[in-house]
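S.K.: Quick note, the sequences are listed as chains A and B, same order. Just remember that the numbering used here sits 213 ahead of the position in the first sequence, which is counted from 1. Just remember that the numbering used here sits 678 ahead of the position in the second sequence, which is counted from 1.
The set of hints was computed from the structure by calculation and includes no laboratory data. There could be a bad hint or two in this list.
[To be verified] Example chain A residues on the side facing chain B (calculated, C-beta under 10 Å, incomplete):
1) Met551
2) Gly586
3) Gly669
[Stated by the list, open to error] Covered, in the sense of this in silico footprint (three residues per stretch, anywhere, with C-beta under 8 Å from a C-beta of chain A), are these stretches of chain B:
4) 713 to 727
5) 735 to 746
On a predicted model such as this, the values are computed, not experimentally measured, just so you know. Ideal Cβ positions, reconstructed from N, Cα and C, are used throughout, including at glycine.
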Amino acid sequence: MALDDRKSEFNFVGTRPDRPDGLDKVTGRAKFGADAYAPGMLHGAILRSPHAHARIIKIDASKAEAHKDVKAVVTRADFSDKPEFKPGLEGEFWNVLENVMAGEKALYDGHAIAAVAATSALAARDALKLIEVEYEVLPHVTDVDKAMAPDAPVIREGAADYSVPAGMHPNVVRYHESGHGEVEAGFAEADLVIEDSFATEATHQGYIEPHACLAMLGNDGKGELWCTTQGHWYAQKYCAAALGIETAQLRVTASEIGGGFGGKTTVFIEPVALALSRKANRPVKLVMSRSEVFRATGPTSSASMDIKIGMKKDGTITGAQGIFRLQGGAFPGAPGDMTAMCGFAPYNLTNVRQVGYDVMANRPKQAAYRAPGAPMGAFAVESVIDELCKKLGLDPIDVRLKNAAHEGTKANYGPTYERIGLVETLEAAKAHPHYAAPLKPGQGRGISCGFWFNHGGETSVSLALSEDGSAQLMVGTPDIGGSRASMALMAAEVLGIPYENIRVTIADTATLGYNDVSHGSRVTYASGLATIKAAKHAVEKLCERAAVKWGIPGDAVKWEDGCAVPSGPNAGDFDPMPLADITADMGATGGPISGHFEATPEGAGVSFGTHIVDAEVDPETGKTSVIRYTVIQDAGKAIHPDYVEGQFQGGAAQGIGWALNEEYVYGEDGRLQNSIFLDYRIPVASDLPMIDTVIVEVPNPGHPFGVRGVGETGIVPPLAAIANAVSNAAGVRMRQLPMSPPRILAALKENG
Amino acid sequence: MVEVHLWSGLRSLTGGQQVVEVQAATTGALLRELVRAHPQLQGPIDAGVSIAINGRIIASGLAEPIPEGSEVYLMQRLRGG
Chain A
214 MALDDRKSEF NFVGTRPDRP DGLDKVTGRA KFGADAYAPG MLHGAILRSP HAHARIIKID
274 ASKAEAHKDV KAVVTRADFS DKPEFKPGLE GEFWNVLENV MAGEKALYDG HAIAAVAATS
334 ALAARDALKL IEVEYEVLPH VTDVDKAMAP DAPVIREGAA DYSVPAGMHP NVVRYHESGH
394 GEVEAGFAEA DLVIEDSFAT EATHQGYIEP HACLAMLGND GKGELWCTTQ GHWYAQKYCA
454 AALGIETAQL RVTASEIGGG FGGKTTVFIE PVALALSRKA NRPVKLVMSR SEVFRATGPT
514 SSASMDIKIG MKKDGTITGA QGIFRLQGGA FPGAPGDMTA MCGFAPYNLT NVRQVGYDVM
574 ANRPKQAAYR APGAPMGAFA VESVIDELCK KLGLDPIDVR LKNAAHEGTK ANYGPTYERI
634 GLVETLEAAK AHPHYAAPLK PGQGRGISCG FWFNHGGETS VSLALSEDGS AQLMVGTPDI
694 GGSRASMALM AAEVLGIPYE NIRVTIADTA TLGYNDVSHG SRVTYASGLA TIKAAKHAVE
754 KLCERAAVKW GIPGDAVKWE DGCAVPSGPN AGDFDPMPLA DITADMGATG GPISGHFEAT
814 PEGAGVSFGT HIVDAEVDPE TGKTSVIRYT VIQDAGKAIH PDYVEGQFQG GAAQGIGWAL
874 NEEYVYGEDG RLQNSIFLDY RIPVASDLPM IDTVIVEVPN PGHPFGVRGV GETGIVPPLA
934 AIANAVSNAA GVRMRQLPMS PPRILAALKE NG
Chain B
679 MVEVHLWSGL RSLTGGQQVV EVQAATTGAL LRELVRAHPQ LQGPIDAGVS IAINGRIIAS
739 GLAEPIPEGS EVYLMQRLRG G
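Chain A extracted, bound-state conformation (with noise of 0.2 Å):
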């Protein structure tokens, strides 16, 4: 997309008013997925499988559909393989509906094996006690380098695409190679190489709000649904091809949203909720429990990882390589590709290699959070500069910047780099204040680059202007992170009236054309985009309409601080017309006046940020303590800076519990020990640090205003920095996460 009108001056973008969402979500008034009723609803509740691997030999429900209480049973037999309207569903749609609902298999402990509809949420759950399940146990493997062995169970023999070489298990299904150079010329040239192997558990996106939805669908085809989700359009058309029905006959509103990182990027209780309303002929809710949450939505991959690299005493990196294998649950889909891609992402090397495997093993479906693969990958690169710098005596940023990816620079993926903000966030480290202040005895500090690709996706954007002036905005992201605050900020910059006065709505499907999900750290770039461009179409429009008010050619106005002026001297000498001055009489001058934009932006910019910890660890307990967080991303250009900071702050956040606490534990039996929020630690506010942020702004050239997505860099840096960190306090390279007490101790032990 051509970008011809780059802006640099704003009157209202980098402000910070108030959040839109402020008053309704502290007063509870803002409605979250679980916070819709309807006339006869009835409520749902899922069976799920007790056993990592079994075939399901049989489902005996008649006790359940029986009960007086229970209105409709349902079983993968109610969902659509082959819909009416649409091709059949294959690929990654077939594995979402083999993961909403099991077909001949369980293939993780929480897999959904049946649901029942009853009178009351107690009466759904008792019920599920009425059906009976006979499966057949069959061996299982959670481990990813247990489910490559060549005696592993296999999981979905024919499962793996044309990729993945010849001879390997059939549980890995993917492969990515990629790179340039020669990588063991690079280690010849080198005066030190080190070669050291890395392990990250899965961790969850920890959202604080459940899945949750409220679903409506009559025999004939049309139906309804709320839900709590990042992408609404992808919901309706997912639910519409599992249940046989035409897209457009099911309308999907999204809920507000309790957080999802990447979680909700998908459907797990949606389509069963429909299936059970239309059977029941009754609205339907269905509410995840905690555990439910944990044990069958999506986690992160967990992932094992070699990594070799080369440098010379100066500190140049001469050769790179890194093997990534990462375990995706029971579906392909694992982003072994992206880890290998953004691991050296952040350096110019002449040499340097990636493999990337996906691997399948009996746990619940990976899903996105925050970047997709790149933490472990940076964890891992990001250890082994570190272990360097340090046998070699060097500073660890300055390294960094000799080796930094710039401009013109041959990215590690491929491509030569267009303008990129890299160099800025390390030299911006090295001034701060941070990394210059002494640490005491027992502490030690980390530093870590990491990167993300960002992304574009479909968008549609409609700007409605009201009769007094002001502007309704209707954009079709699910706000996951503040963009109704930076899309109000974005139209006010482009109409000239204040930020106030514009009402931002997520619309529902039936009211916008179709939207990508939230995903991507898309929403600011390219929402933000779309807004830009409609708020220019309804600008365009009131030029029209000052034009006829004042008897002019239209191409003789021009729109200045939100008003309509002549283009100059020739066009006539009018007093500047401000736009509620042309929306008063909107009717009488042409008719309503709105903007749209739908396209698919192409030029999301890829982002980078450096991050700065200091971590102490106390030799007795193995507990670390993360004293100080210094966060610095650059953004392009911040819309509203106080999201930004916020993105900054719970990037580094979710980061601190991934690399100290956070595990999926799997017992010998295959199933999750640690499924509530007592077993699995996620950071609390007395865990963490005020965390420092600094805005790096190297404008995005793909961007009107210079936006680059700021939602999952965030989130690169923190476990290779933090493992730095402790691994420098400890006195001992930590080579596996989490960083829990019990590992460190056990480090310490080992290293006498």
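Following the hints, complete the assembly by docking chain B onto the known chain A.
M.R.: Below, chain B without anything else, positioned relative to chain A:
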């Protein structure tokens, strides 16, 4: 002609070539011509690819122009959270 750089995992589908030449002025034409020259690339292209033109990553658009002399890389389709 456009020189298209493939990721190295695709070499097994192009007879060992990591750079292939096709005649194309847009991203859509490029994908069509790639499959015509190397039918085995249909699988990865159907699975989803992005195209980087002079460093700008085109996630899915088929109508993006490819200026003469551009640096062109085929990439696996990006996903986000």
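S.K.: With reference to the structure, classify each hint as holding or not holding.
M.R.: Going down the list of hints, with the structure as the test:
This hint holds: A:Met551 has a C-beta 7 Å from the nearest C-beta of chain B, less than the 10 Å allowed. Interface hint status for A:Gly586: upheld, as the beta-carbon distance to the closest one in chain B is roughly 8 Å, under 10 Å. Here the hint on A:Gly669 is kept, as its CB sits about 6 Å from the closest CB of chain B, short of 10 Å. Figure legend: the region 713 to 727 of chain B, annotated as covered by chain A; annotation consistent (4 residues with Cβ-Cβ distances under 8 Å, at least 3 required).
Counting residues of the region 735 to 746 of chain B whose beta-carbon sits less than 8 Å from any beta-carbon of chain A gives 6, enough to reach three: the coverage restraint holds.
Going down the numbered hints, you'll see the structure goes against none, and every one checks out.
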